[in-house]
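Novice: Residues per chain, in single letters:
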Amino acid sequence: MAEIVTEKLCHTYSAGTPFEQTAIKDVSLRIPQGQFAAVIGHTGSGKSTFIQHLNALLQPSSGRVLLDGQDINRDKFSRRDVKWKVGLVFQYPEYQLFEETVYRDIAFGPANMRLGKEEIDERVREAAAFTGVEEALFERSPLELSGGQKRRIAIAGVIAMRPEILILDEPTAGLDPAGCAQILENIRNYREKSGATVLIVSHSMDDVARLAERIIVFDRGCVAMDGTPEEVFTHASALGEIGLSIPKAAQLACALKKQGVPLPDGIFTHERLLRELLAVKEGRVC
Amino acid sequence: MLKDITLGQYFPGDTVVHRLDPRTKILLVVVYIVALFQAEGWIGYALVTLVTLLCTALSRIRLRSMFKGVRPMLFIIALTALLNIFYTTGTPIRPGWIVTWEGLARAVQMMLRIVLLISGTFLLTYTTSPIALTDGLELLLNPLKKLRVPVHEMTIMMSMALRFIPTLISETDKIMSAQKARGADFETGSLTRRAKALLPILVPLFVSAFKRADELAVAMESRCYHGGEGRTRMKQLRMERRDCIALILGGIFLALMIALKSLCL
Chain Y
105 MAEIVTEKLC
115 HTYSAGTPFE
125 QTAIKDVSLR
135 IPQGQFAAVI
145 GHTGSGKSTF
155 IQHLNALLQP
165 SSGRVLLDGQ
175 DINRDKFSRR
185 DVKWKVGLVF
195 QYPEYQLFEE
205 TVYRDIAFGP
215 ANMRLGKEEI
225 DERVREAAAF
235 TGVEEALFER
245 SPLELSGGQK
255 RRIAIAGVIA
265 MRPEILILDE
275 PTAGLDPAGC
285 AQILENIRNY
295 REKSGATVLI
305 VSHSMDDVAR
315 LAERIIVFDR
325 GCVAMDGTPE
335 EVFTHASALG
345 EIGLSIPKAA
355 QLACALKKQG
365 VPLPDGIFTH
375 ERLLRELLAV
385 KEGRVC
Chain L
260 MLKDITLGQY
270 FPGDTVVHRL
280 DPRTKILLVV
290 VYIVALFQAE
300 GWIGYALVTL
310 VTLLCTALSR
320 IRLRSMFKGV
330 RPMLFIIALT
340 ALLNIFYTTG
350 TPIRPGWIVT
360 WEGLARAVQM
370 MLRIVLLISG
380 TFLLTYTTSP
390 IALTDGLELL
400 LNPLKKLRVP
410 VHEMTIMMSM
420 ALRFIPTLIS
430 ETDKIMSAQK
440 ARGADFETGS
450 LTRRAKALLP
460 ILVPLFVSAF
470 KRADELAVAM
480 ESRCYHGGEG
490 RTRMKQLRME
500 RRDCIALILG
510 GIFLALMIAL
520 KSLCL
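From first to last, the protein sequence lines stand for chains Y and L.
Just so it is clear: in the first sequence, position 152 is 256 by our numbering, and no numbers are missing.
Just so it is clear: in the second sequence, position 175 is 434 by our numbering, and no numbers are missing.
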């Protein structure tokens, strides 16, 4: 079981100096176990600050973060232990690789948990399998691999801790389309097999529409919208005002409807659009 | 936490001190340091303190920022004071004590000297942008080019180093957070354990620093950078009347301090 709840979370950087800046204010959210949620928002809207609160890397200026009903900031030990339960993959995680071999880098997290050697070995192999890192790479240096491989190794390093909640900050940034698709597939795979909650920060509305069950929209440090993709993406103009857009498929569906093509509401993914268009075409033929 | 470092920080502004030519300011700091070391006796220290406060007020830099610059040196300042208290001979405060009146006075003066030294140099970096500073330094050191000293190369290295301090600090912060998220522990354990714990930060930091240096070199070359030969400046430095006045005032100040010293002796 792992349910994460934030209560009136606020965070102010450099409090008490001329550089004071409120990053998030009054964020109250409940993310139930097993949910696949996406956090979207403009640059500087407080997304990254928010997710760093969820594993106690940042302490709130006021408010609480509860994991299964318990405050994660209650003492030093809970602040450390929450990092095993809530795995956080940073933006461009390949820059954190440091070990001599891929194997040892993936094992860094579990080794910090003081697990036994066999347990570590099992977790490393499991995490590598989830992220598609072949065992042939285990003895290579992570620094000589390609960008996409490095990224998957870094994600494996977090998955090896078997987090119940996996948070990823823009896991696909800067990758080619094939690399993006593969990483997202790996994440979905991990969620299905482990039943973990997944929280993903993304700028790609197309990915978000296809994967997430719930979308949380941040704007200037507050939660501006919160709902299913259908609910959020129907507010195209409101999203536009805070510098976001709706998925490309939804834009195209909208344009086609204006041209008089009879399409239903609530099309956000390429796959669904394709199906509906085929249905319309068949209908005409008949 | 790492963001608190004020080294080389520049507070933009539009005061007389900000507008002075960087060459003038560098020269004045040299004059100031020489003058500070001429200070002998309370009158001398009072005069330097007064001048420092006056310059700070003119530059509208808040005293609090000044103290922030001094803070990292507090340990050295305290140590100097302690040593002076105990190792100066003279009349004891009470019969039989090691602590002497002369020692106390020296300790206060030494502390004052270090604080003033730091404040004076910080006033320069607080009011001068790094680019102006290195430009000024290059022009001042120009005569050394005749002696085949690579002045331009040295100053461009300095400005790049200054430019990358904030970048590296934020990079370190990021890597540290990422490793903490994987359960790395930097705060507990013995000294060797803690030194070992730094490895996961240092390796990625070096890798990215080298990569950055490489990219910067390529970027500079692709814009045809070829060293200082025949290079012109966007901002031409020009000495104004205020620079003359400032330099004359600085000269008077130095003369006054030397005169005071010879009076004391």
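If you are wondering where the hints come from, they were derived from the structure by calculation, not from laboratory data.
One or more hints might be untrue.
Claimed, not checked - Heads up, simulated BS3-like pairs for lysine-lysine below, C-alpha to C-alpha not over 25 angstroms straight-line:
1. Lys404/L <-> Lys180/Y
2. Lys129/Y <-> Lys433/L
3. Lys221/Y <-> Lys433/L
4. Lys433/L <-> Lys189/Y
5. Lys180/Y <-> Lys520/L
What the hints assert, rightly or not - A short, non-exhaustive set of chain Y residues, derived as facing chain L with CB atoms under 10 angstroms:
6. Lys180
7. Trp188
8. Gly191
9. Val193
10. Gln195
11. Glu203
12. Ala240
13. Leu241
14. Phe242
15. Leu343
16. Ile346
17. Val384
18. Arg388
Unchecked claim - What follows is a list of derived Cβ distance ranges for each label pair:
19. Gly299/Y <-> Glu446/L: 30 to 38 angstroms
20. Phe465/L <-> Glu222/Y: 27 to 35 angstroms
21. Phe270/L <-> Thr126/Y: 21 to 29 angstroms
22. Asp280/Y <-> Glu474/L: 15 to 23 angstroms
23. Val466/L <-> Lys297/Y: 31 to 39 angstroms
24. Cys114/Y <-> Gly355/L: 57 to 65 angstroms
25. Thr126/Y <-> Ser521/L: 53 to 61 angstroms
26. Arg319/L <-> Thr126/Y: 46 to 54 angstroms
27. Phe123/Y <-> Thr308/L: 50 to 58 angstroms
Beta carbons: idealized from backbone N, C-alpha and C, even for Gly.
Novice: Of the numbered hints stated earlier in the document, which are not met by this structure?
Specialist: 1, 3, 5, 12, 13, 14, 15, 16, 17, 18, 26, 27
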